[in-house]
Amino acid sequence: MEHSTQTHAGSHGDHHHHHEELGFWKKYIFSTDHKIIGIQYGLTSLLFLLFGFFLMIVMRWQLAWPGQPIPVIGGVLEKLMGAPASGGVMSSDLYNMFGAMHGTIMVFLAIVPLAFAAFGNYVVPLQIGAPDMAFPRLNMASYWVFFLGGVVMFVSFFIPGGPAQAGWTSYSPLASIVPTDGQTYWLVGMVLLITSSLLGAVNFLATIIQLRAPGMTWMRLPFFVWAQFVTGFLLLLAFPPLEAAGLMQLMDKVAGTSFFLPTGLMVSGKPADIAGGGSPLLWQHLFWFLAHPEVYVLILPAMGIVAEVIANNIRKPIWGYKPLVYSALTIGFLSFIVWAHHMYLTGMGTAISTFFQTTTIIISIPSVIILTVFFISLWGGSIRFNTPMLFVLAFLVMFGIGGLTGLPLGFSYADLYLHDSYYVIAHFHYIVAPGTIFALFAGVYYWFPKMTGRMMSEFWGKIHFWTSLIFMNLIFQPMFAQGMAGMSRRMYDGAVNYSAATNPDSLGGLSDAMIYSNRTISIAAFCLMIAQIPFIINLFYSIKGGKKAANDNPWDATTLEWQTPTPPGHGNFDVVPTVYRGPYEYSVPGHARDFTPQNMPDAIATKKA
Amino acid sequence: MDIPYTTHPREDTGLYNAKVGIWLFLASEVMLFGALFSAYILLRVGAAPGTWPMHLLNVPLGTINTLVLIISSVTVVMAWASLKMNRFDRFKIYQTVTVLCALIFLVIKSFEYYDKFTHYQVTLADGTVLDGHVVTKDTNSITLHHVKEIKPQSATNTVAAPVAAGAAATAEQGGHAADGHADDHSHGERKIMFSELAKHESGRLKMSNFGPWHNTYMAIYFTLTGLHALHVIGGALVIAYLLGPGTKMWFSDPERFTNRIEVSGLFWHFVDLVWIFLFPVLYLL
Amino acid sequence: MADHSAHSPAAAASAHKAGAHGHGHGHHDVAKEVRKYLLVFGALIIGTILTVAVSYIELHPHWKNIAIGLVIALVKGGLVAAFFMHLIDEKKLVYGVLGATVFFFVGLMYITLWSMEPGSFIRLKQPAAAERTATQK
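The listed protein sequences correspond, in order, to chains A, B and C.
Residues 485 to 1093 in the numbering used here are what the first sequence spells out, letter by letter.
Residues 13 to 297 in the numbering used here are what the second sequence spells out, letter by letter.
Residues 372 to 508 in the numbering used here are what the third sequence spells out, letter by letter.
Since the hints were derived computationally from the structure, they do not count as laboratory data.
Straight-line C-alpha distance at most 27 angstroms; calculated DSSO-like pairs for lysine-lysine:
hint	chain 1	residue 1	chain 2	residue 2
1	A	Lys510	B	Lys260
2	A	Lys737	B	Lys211
3	B	Lys149	B	Lys203
Sample of chain A residues lacking proximity to chain B, with all beta carbon distances greater than 10 angstroms (derived):
hint	residue
4	Val556
5	Arg799
6	Tyr810
7	Met827
8	Leu902
9	Leu1023
10	Pro1038
11	Val1059
12	Val1072
13	His1075
Facing chain A, a subset of chain C residues (Cβ under 10 angstroms, in silico):
hint	residue
14	Ala471
15	Thr472
16	Phe475
17	Leu479
18	Trp485
All of these numbers come straight from a predicted model, not from anything done at the bench.
Just so it is clear, CB atoms sit at the ideal spot from N, CA and C, and this is done for glycine as well.
All chains should be built: construct the whole structure from the sequences, respecting the hints.
Here's what the structure looks like:
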């Protein structure tokens, strides 16, 4: 026994040695180190975030100036995409493609990987005092499967006929009867992305369950870890039904089956050449069974980041840690039984609508508790207004707006009117864009010193914050009005055809003010794009040129990730940390400093300097 | 750097990492197959009465495959028990049987698939349905053997119709048409000219083999069993690896190796478990 | 091979585990388990034969066949899960994970079906079905 253990340790040591010598490829590309994988996820998803943003910018041009050639890039688009962009003008097909891919890319390739995989990978093992993830090679595999999925999605832009164009929800039969191959690529890409998410979720959950450092009990976990834990469960149990649905739609597309295609389906006035007998509603059920929990996959990690940044910058404990944890668990549980509130208009019946309306309204309770906990925590704190904190404070308000405007959509009667209007767009973008993305920016500014040992510029950070905040609101606030005026979300001409000017004899046409808001929104969107330039430069410049962090713990934080060397080496901790206290012990009376790290024994904490 | 609890269980959970991992993974697998099962129920419940086919598949072959998977499940658990009892020799025998069982299963399954792809149903212009296995097929005719002939419902089914309105079971009985009112020309071959055939509204001939496109039953059959077969292949590859190059860990870290066998076994039992439901649902009921 | 395994460290390791944590399987425990496995094997074979046999007896209404088939499958699946996968004696954590999964699985199936057929879970009364086809035509 002794002997074999020694040989094992010996061979492992050799391996370790090799690992460091193997250089660039093993260290930065095919790495099994959770920190490198986290950064890989981060960079990839930031690129996709930019790409998804670019698609939207082009669409905004079309909405504001319908039919006008797109300036600057119109010619390039025509070269790349061919007929759909002929003359540099965005055709309705191209608009559909960009719309579908904007949603898909933003949700599945940008926000989720950034919030869950990138920050989760980098921060979770550090915060729980683990040397790495539970299954490092599986971790590498999930990144590369994700990458492959991204490649498939990206390549689909350049195939004949272009990418998927049936919306990010890919409702059948529409998605199945579009004659191009884009949808097939979309489905293959989705199956890869889902597989990657499943592997990632298994890894995260196993890591949090198994690798917590001695003394790190469940109620001592930083809230960020709790948020990732609940998110992991959502991905684990909600994604497989979409994978099944994706496989079935793929069969519909390539094997000629009729899972989602009903009997008697007519395509362009002719009977479709199918066996029939399928159910379009089944796709919607399976899709939303994932896609509603997915909303919480987008928002929970953001709330986790918010908790970390708030606690650190108010210099006092979070008020109500336990309600926070229980609310997150309740949200996770309830998010599985609210999905059909996306389907009030499918005619599935009043009884079931009432059921989903009830659960939908109930789920707003834990969300409000979480927000309330954060707001009350601010009370009486001595707040440091640095860049991460500014983004987090804005998150609280923006997420509040997004959440409250969701209530009318949760009631089936109000939803009859607002469904599929710009109101819905404004609602969920307030949750995700100035909500989640602001929290993610906060996370980038907050953890950057741990990843690189340098600070990002506070000045440019604040410029980035204020401009982003202003333009985000200028973009999404008018959309509430447009939606309530009745503007449908999928009009590729900016709803000019439904304006009062075009239809002088009809009642209820959209007023000039609503049509002109398209231009102000688009101009704000272009400005928002320009506002991201300081961030991009700041991010890359600061890696080498930023101000050096004062020490390993420049924010004077309590959680374990700040108690490691900077950047942490392979294996993270020099000695396995022992945890003595909860995550947010700031300004504890009788302690020498205003923060007491989780791994600091009482004897040292109370010793006067 | 060593990751803790790869071999020994953690005190508070009582489990080692891989076991936590595999159970989480199996939980997601339950949801994956669960969604397909719910699609199955939905398609069946939603099918027009009398159109859901029954006893279309080869029950003896399905039964043999069920027994093959049950045997493999026993050998997997026996292989693990052998390691626990320190009988590496028996472990190797048991796992060899497991891999063989997986191969037998796949071979039988591919015969069944082949059978369905050569099984044709054509509808003549007068509404008569002919059902048989293809002998030859060219540009203007198809030759079938073991042909069953089903006359149009209106002509032969005058007795059954009122029953269908009253008795609860008859809706499902349409699938039994092959037993009920079909003329079996089992051994004869029959050449059918395409010009004799009826056409769909879309203009396509009413002629189709029993591939996934045939109807929703064949669609869910191929999807479920295909996905299951992929799981069999994946599980067999892992077990074969742990029987081949993977065994060297037994000599360096036997406990961890035993854990690996347990974890791969858990996956294999799950694959068996899925089949235990697939078999009655697709073949029998 | 037997020679080698006699010197193998596994015995020491598993004995150590059994002693230290109290949930390892000693030789005798495993031998007892093996007897159980063989019994379960027998039960699974019988269950398979039974389910095939019953399927050839056409009961009226047909849902009785479905019910019997599913009950036998549930028993067989239960045996595999309980004994081969050791769920009968597993840690609380695993039960927790599976409990959550079963809950959401049932929710997915039930609510989906409920929304497809307003007012009834599975349509068992055929007259209703006949009416429906009549209206479709």
